[in-house]
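Top line first, the protein sequences correspond to chains A and B. Residues in the first sequence are numbered consecutively from 2, following the numbering used here. Residues in the second sequence are numbered consecutively from 2, following the numbering used here.
Derived by calculation from the structure, the hints in this document are not laboratory data. Among the clues, some could well be false.
Intra- or inter-copy, both count: the list cannot distinguish identical chains.
Claimed, not checked - Derived DMTMM-like pairs (lysine to aspartate or glutamate); straight-line CA-CA distance at most 20 Å:
#1 LYS201 x ASP146
#2 LYS150 x GLU169
#3 LYS230 x GLU28
#4 LYS108 x GLU143
#5 LYS150 x ASP80
#6 LYS108 x GLU169
#7 LYS201 x GLU143
#8 LYS230 x GLU113
#9 LYS216 x ASP44
#10 LYS150 x GLU36
#11 LYS150 x ASP222
In this text the structure is predicted, and so the values were computed from the model without any measurement.
Number of protein chains: 2
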Amino acid sequence: MPRFVCRSAEIMRTMPDLHSERERLFEYLAQFVTERRRHLFEDRVQHRTRHVTVVLEDIYQSHNASACLRSCDCFGVQDVHIIENRYTFSPNRDIVLGAMQWLTVTKYNQREHNTRECYQVLRDRGYRIVATSPHAADCTLEQYDFRQKTALVFGTELEGISEVARREADEILCIPLYGFTESLNISVAVAVCLHHLTWKLRNSDVPWPLSDEEKLTIKLDWVRRSLGKRREALERQFFEQQRR
Amino acid sequence: MPRFVCRSAEIMRTMPDLHSERERLFEYLAQFVTERRRHLFEDRVQHRTRHVTVVLEDIYQSHNASACLRSCDCFGVQDVHIIENRYTFSPNRDIVLGAMQWLTVTKYNQREHNTRECYQVLRDRGYRIVATSPHAADCTLEQYDFRQKTALVFGTELEGISEVARREADEILCIPLYGFTESLNISVAVAVCLHHLTWKLRNSDVPWPLSDEEKLTIKLDWVRRSLGKRREALERQFFEQQRR
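Take these sequences, add in the hints, and give me the full structure.
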């Protein structure tokens, strides 16, 4: 899937017509959602970023899975990578219909080495891979150089990140803790990191927003999801009109 | 209860003997816990603060209650005020035995106006009462003047803070959100606020640590909890030795 996205982005750059056709498709489909929702798409996409992305490895409690996705949406982090080595990621149904439908979620559960596969995909996209751990870290959240394109890896509820996730990361990051409890709840750790890094990003000159091409792809995705079952018929209609 | 604490602090200042007796009591009891634990008490109490305190109004899901207490402990926030108007606060048993035993928890559930009673107690202690809300706020978390002694109020999972909690607060604060979801999970909101404010405090010249008197009171409380059932007999022993 990620390979396809890259190639299609290249095609878009070399074939401006295709881009404008996709723009026309978005305009066409957007007629069938409410004005309010369309306005929401245009606004929210401006705040989305891929400068920070989240990797969740073997999160299995549904309330944690749900809260993680909700935080990604709230802080404008578009991409979530879900590694299912031992456990299935199962957010509550309400969240799947809510926050999750506005995110670009990629799952890794087909291979023997899902964590490695995920890391490779992220490295190909230029991410620095930063695993989080309450113990023995290279750097604290507050010291971390947020200017780097960063994939933050969070591990399973009880044991944290896997040995592979730790060993193959570029850096280990911790949130400084001052109490008796040795770690934060997983969904809390995700939110604290995302809030801190995206707040710094939004107040910096780092080019964190999406490109116009990415914005269009995501808006198209959003409008398609909003249309549900009507989507296919409407797209067919659009392409028939184009051919005339 | 808070009145008593204030008076006893006054007595302590005017009667240094009583303070040193409490110090001797701590030294005596600390012999019966491990060296490691004693060291932990001495270290952790240095990081505790009352500059920020947390008020939880009608949080009823046990995983949220648990995660809130865990975050308070992790970020060194000593006092938690729990208002039970409609729901009982019921963290998981593991957390009650873990994070919760190191916090000073006050419950308000006996009156008709528990929220008002809690606000009054906090005002008497010099706190500015800042209710959190995802909507219509006076100020954002990041803009908030963390130098003020602050009680942060968080409301119930679905509906947020009550009308009374909102109306009688000094200020309404929000965490800026950029997604489709209109609010963060409650335990996530607590952690994001505490991380941000305590991080700023620890890097400021605000006198956020506890007084020596407060540190001693809390260490005594910790060592007593650690001793469990042995506590009473050991304290009796100590006072008998003192009388000789």
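| said: Checking an output row: LYS150 and ASP222, CA cutoff 20 Å. Within, between, both or neither? | reply: Result: close neither inside a copy nor across copies, 24 Å intra and 46 Å inter.
| query | With identical chains treated as interchangeable, where does the CA-CA distance between LYS201 and ASP146 reach 20 Å or less: within a copy, between copies, both, or neither? | reply | both (10 Å within a copy, 18 Å between copies)
| task | First find the shortest C-alpha distance between LYS108 and GLU143 inside one copy, then the shortest across copies, and answer within, between, both or neither for a cut-off of 20 Å. | result | neither (29 Å within a copy, 34 Å between copies)
| Are the CA atoms of LYS230 and GLU113 at most 20 Å apart within a copy, between copies, both, or neither? | Close neither inside one copy (35 Å) nor across copies (51 Å); limit 20 Å.
| query | Checking LYS150 and ASP80: alpha-carbon separation at most 20 Å within a copy, between copies, both or neither? | reply | within (13 Å within a copy, 38 Å between copies)
| query | Given a CA cutoff of 20 Å, do LYS201 and GLU143 count as a within-copy pair, a between-copy pair, both, or neither? | reply | So LYS201 and GLU143 pass the 20 Å test inside a copy (10 Å) and across (10 Å) alike.
| query | With identical chains treated as interchangeable, where does the CA-CA distance between LYS108 and GLU169 reach 20 Å or less: within a copy, between copies, both, or neither? | reply | Answer is within: at 19 Å inside a copy they meet the 20 Å cutoff, but 47 Å across does not.
| query | From the Cα coordinates, with 20 Å as the cut-off, is the pair LYS216 and ASP44 best called within, between, both, or neither? | reply | within (11 Å within a copy, 49 Å between copies)
| message | For LYS150 and GLU36, with the copy left unspecified, which applies at a CA distance of at most 20 Å: within, between, both, or neither? | response | The answer is neither: 34 Å in one copy and 44 Å across copies each exceed 20 Å.
| said: I want to check one pair: LYS150 and GLU169. Are their C-alpha atoms no more than 20 Å apart within a copy, between two copies, both, or neither? | reply: Intra 17 Å, inter 44 Å, cutoff 20 Å: intra-copy only.
| Checking LYS230 and GLU28: alpha-carbon separation at most 20 Å within a copy, between copies, both or neither? | Within. Shortest intra-copy distance 18 Å satisfies the 20 Å Cα cut-off; inter-copy 71 Å does not.
Violated hints for the displayed structure, listed by number in ascending order: 4, 8, 10, 11.
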